[in-house]
Amino acid sequence: MRVWQFKGIYLKQGWLSPAYVTTDESGKITNISDQHSAVVNEEINGFAIPPVTNAHSHAFQYGMAGLTENIPQGQGHDNFWSWRDRMYRLADQITPDQMESIAKMLYAEMLRVGYNHVVEFHYLRNDEKGNNYSNPNEMADRLISAALKVGIKITLVPVYYRCSNFGRGPSEAQRRFQFSSIDSYFKHIESLSSTYASNSEVTIGYGLHSMRAATAKEIKEIISYNIHLPCHLHISEQMREVDACVKYLGARPVEWLTTETEVGSNCHLVHSTHITNDEMNAIIRANANVVICPSTEGNLGDGFFPISEYIKAGGRWCIGSDSHITLNPFEEVRLLDYGQRLIKQERNVLLNGQPGDSAELAFQTIIDNGRQATGKDACNFFEVGDDFDALIVDGRSPLMNRVSDEGRLATIIYALDSRSINGHIKRGEWLVKSGIHINYDELLEEFSNISLFHN
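Using numbering that gives the first Met the number 0, you'd call the opening residue of the sequence shown number 0 and step up by one each time.
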């Protein structure tokens, strides 16, 4: 038995302050109270909140975060598509060893800032010539290995990628992403599902890179593959993609998808930036979930997702860090919220004029829908019988010391920076303590020595 003392803990029904959490030898919660009779083993000057899900990640892109904020000589205006060309050049070079090293460092940093489960949207799968590795699951295994080594839960979503654009065959630049057929893709999913079936830290999903990456027939087959697994796809991120879809399929991407396929609650539509009101309502009728990645969408100049209208209409949403230009779940919420405030010239736009608390709405939403994006339905936290998984917010922060229970969550989400998350506990054991992952030094050395970064 172990007794933890906190200045407060955030429960479904609100704050409990002070708080004492008792865990058993396996790290499960046996009691939560504002009083205690046993000896306190861990007295923590901080507040415990539940960790959140990172619902969209391309791990290898962490290797280029911050390195494309320039325009090369002769390029001209920079946009998503010119950024993609630079991303392809990085993807051309990464080896399995480098993939695992990058992912380990990234996932450790995710734990540090508050994520405890990552949905890895995976398409860098073939060797440098575009062929399968001797182990066709090589890159997928490396990502899962990275997650297990640092302690983050992972939902790996290998995505189907065969076409270079609507109506076009594969391109040389995308040779490392492609499957030869939809049958080979489904065999890949089945192989991974079988390999990791007994590992509770790993979930295998499936999906589609984007609608431009497959034929109409293939899109329909993939969406309906298995309604019991999470299905993810990029959609309507760029207007060029929307226009091409209209030209080729005769409808906008979300319009076509929700009309022609069996989109349901297991479907997670990444970005959905450029959607009409009709498309928004179609997503909501299908009970699909939108994964919004505000820092990456801002960095790439994608546009603004209409979050206020979507919330008002009852839509489901969560957040992801995507290219990892920012690693901070609360910064993602702020960017999403503030973008709409700037457009509308109003405050607290997530609430649509109704009484409430923006932080409460956003936090509960990204926890509940983020977990569903991983393939897990349970949205409980800090209940007796749960694993004791917690983020620790530094109790020495001046702002945290001047607020009551009522303003505490909003202070965490809207006013603090990532340094204020100074601990991460998983099943009653520290993964991050004093703001540093327990294996940080060795992870940093390995990451810093990746030859790719020195060429």
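Please keep in mind that the hints were generated in silico from the structure rather than gathered at the bench.
In this text the structure is predicted, and so the values were computed from the model without any measurement.
Some hints here could point you the wrong way.
Unchecked claim - With a cut-off of at most 25 angstroms between alpha-carbon atoms, the simulated DSS-like pairs for lysine-lysine come out as follows:
1. K11 x K27
2. K186 x K375
3. K343 x K311
4. K219 x K186
5. K219 x K246
6. K432 x K6
7. K11 x K311
8. K6 x K27
9. K128 x K148
10. K186 x K216
11. K375 x K343
12. K6 x K425
13. K27 x K432
14. K219 x K425
15. K27 x K375
16. K148 x K343
17. K148 x K375
18. K148 x K27
19. K425 x K27
Comparing the hints with the structure gives:
no.: 1; hint: K11 x K27; verdict: 18 angstroms, holds
no.: 2; hint: K186 x K375; verdict: 23 angstroms, holds
no.: 3; hint: K343 x K311; verdict: 15 angstroms, holds
no.: 4; hint: K219 x K186; verdict: 17 angstroms, holds
no.: 5; hint: K219 x K246; verdict: 19 angstroms, holds
no.: 6; hint: K432 x K6; verdict: 17 angstroms, holds
no.: 7; hint: K11 x K311; verdict: 22 angstroms, holds
no.: 8; hint: K6 x K27; verdict: 20 angstroms, holds
no.: 9; hint: K128 x K148; verdict: 29 angstroms, violated
no.: 10; hint: K186 x K216; verdict: 18 angstroms, holds
no.: 11; hint: K375 x K343; verdict: 35 angstroms, violated
no.: 12; hint: K6 x K425; verdict: 19 angstroms, holds
no.: 13; hint: K27 x K432; verdict: 19 angstroms, holds
no.: 14; hint: K219 x K425; verdict: 39 angstroms, violated
no.: 15; hint: K27 x K375; verdict: 18 angstroms, holds
no.: 16; hint: K148 x K343; verdict: 45 angstroms, violated
no.: 17; hint: K148 x K375; verdict: 21 angstroms, holds
no.: 18; hint: K148 x K27; verdict: 21 angstroms, holds
no.: 19; hint: K425 x K27; verdict: 10 angstroms, holds
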